[in-house]
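Student: Taken in sequence, the protein lines are chains X and V.
If you read the first sequence in the numbering used here, its first letter stands for residue 1049, the second for the next number, and so on.
If you read the second sequence in the numbering used here, its first letter stands for residue -9, the second for the next number, and so on.
Careful, some of the hints might be misleading.
When the alpha-carbon atoms are kept at most 25 Å apart in a straight line, the in silico DSS-like pairs for lysine-lysine are as follows [what the hints assert, rightly or not]:
#1 Lys70(V) / Lys93(V)
#2 Lys70(V) / Lys428(V)
#3 Lys1050(X) / Lys1197(X)
#4 Lys1079(X) / Lys1197(X)
#5 Lys153(V) / Lys70(V)
#6 Lys0(V) / Lys93(V)
#7 Lys328(V) / Lys1079(X)
#8 Lys1079(X) / Lys428(V)
#9 Lys153(V) / Lys1079(X)
#10 Lys153(V) / Lys1195(X)
#11 Lys153(V) / Lys1197(X)
If you're looking for bench data, these hints aren't it; they were derived computationally from the structure.
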Amino acid sequence: MKPVNVIEGAVSVLDRADVDTDQIIPKQFLKRVERTGFGEFLFYDWLRDGEISLESNPILLAGRNFGCGSSREHAPWALQDFGFEAIIAPSFADIFRSNCTKNGLLPIELEQAGCDAIAAAGRASIDLAAQRVGWAGGEAHFEIDPKIKDRLLNGLDEIAITLGQVAAIDAYEAERARFGPPNLAVDRLPAEN
Amino acid sequence: MTTPRTMFEKIWERHEVADDLIYVDLHLVHEVTSPQAFDGLRLAGRPVRRPDRTVATADHNVPTDDTPSARMIVDELSRKQVETLEANCAEFGIELFSLGSEKRGIVHVIGPELGLTQPGMTIVCGDSHTSTHGAFGALAFGIGTSEVEHVLATQTLVQSRPKSMRINYTGSLGAGVGAKDLILATIGRLGTGGMSGFAVEYSGPASEALSMEGRMTVCNMTIEGGGRAGMIAPDETTFEYVRGRAAAPVEGAEFEAALADWRDLLTDPGAEFDHEVTIDAAAISPMVTWGTTPGMVCEVADRVPDPTRFDNPADREAAERALTYMGLQPGTPIEELKLDRVFIGSCTNSRIEDLREAAATVDGRRVAEHVRAMVVPGSEQIRAEAEREGLDEVFRAAGFEWRASGCSMCLGMNPDTLAERERCASTSNRNFEGRQGKGGRTHLVSPRMAAAAAIEGHFVDIRSWS
């Protein structure tokens, strides 16, 4: 993952609430087995039908509960591939937000007034280290989990970090075998031929 | 004296490997969200840490026409995705139920059915409807593909602890009102983001009275309210469901030990939740969605709402757009909406009890002439059980198509889709634009409501319908 720090530039505005991941990347494009090349299918139906227009800019400004619905990581892949580096919205769906941070796409939650001001300004500047968003005539602080922030700033591989704790996982498994019900359930399934 | 704890806290704390790192007991895998994860493992030269805690099935892309093997799938991309899953599972030593297996089915149907899903577990899957498994008193939630790779490699997940919410259902559901109505009414009240950031425990007499199938329907749709996970305390209903299943603890001392452990999971009296909501279940009616989110829902006796009466401008705009997409006029009685299609299936409502209810509703009647209706069982085992009970004959005699199992028309990644402007009564979970096919118009309802609507060709109030 590429490190994320300062993101600045023009803002694309998608002023709708409850935009779901089925809209962000419709199901017919989930059949690919790669991570790349999803940008051209972003908001496929809405863009093709002229329902919305959307420029490729560093920042997307979206409505509340953005990214609700399906857990498909193809949604952040498509947004990133289209050119977005950060998304600012009043709120995000949990799984979508998490998926963004795994790919270096920065989700920023700001209250509606801040979002409206940024939409009006048309440009913004984001400083992840300082947790600030600035625009012509204003600025705001945003919250982010310190561990996620560190991982994004340094472009760290989360699996490598966890594998660094493999001794703790080993210890947990050894300890766990001594309490609780036996639930290595898979072993009990009759084998498939 | 120890501090009283919620069921969620007990399960969470039991699985903490380190700060914000939780152990995963069961990882379910399907063909859509896993190929890039397996690729990542290969690139990094990492093995799957616990193939014995990982089970895979093919469901999203599977045609429901009894296609006998992956290589016979006509759609090239679907075929490639299922074949990729087969190759990945073979390479990494993961148990897979693919086309041709009698244990294949929708991932959230087969977990419980095989006895893999058990109280107290942590369960994840690259699918948002993983919340379904919380019906057993498990902590279960959907994850993205990067997290799928993380779990495959480490059997753990990096997670910040969600807040806790309890929804207390007082009273009991009226006749003809079921689990689907209960959760639709809940989402209608709390909104599509109302449970965001929360692990939700459903409790109270109306939830305790539900069968396991009903509890799964409720927990399944937790994600439509934005909830991280939905859970219901395990009780005798749960234990009897799990008992004797293939992967369940062995009857006897082992099952007894498991029972003692499971009984310990219940939320302690006096435990505190971050948020509590009380909903009167007795006041809930059969529900029908009118818009393009599950929160846009009303009672069957209502009329299509008038967007100008919404206070919040964002809600007003969203309602206006939804009515345009759905081809609806404000003020039209819901019961007058004429249907083209009826779909009974999906991980929300495709279990044996759902099919029994729908079959009893249509027994001896005929589907309206202008309606194409289909029933898609959630798994091959459910299909076989329904056929043993003769439900397939009831459906066929009424004019329904009886299909092989899969996700089918819930998301249209397979040949089952809506055509543009077709109006469908669906027992699935999402009425998003284009979800069931581009331009398709989805109304979410319970299995009984869908079945009765198929017969009449429009929605009816199941409580007064005969």
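Student: What hints, given by number in increasing order, does this structure fail?
Tutor: Of the numbered hints given earlier, those the structure breaks are 4, 5, 6, 7 and 9, listed in rising order.
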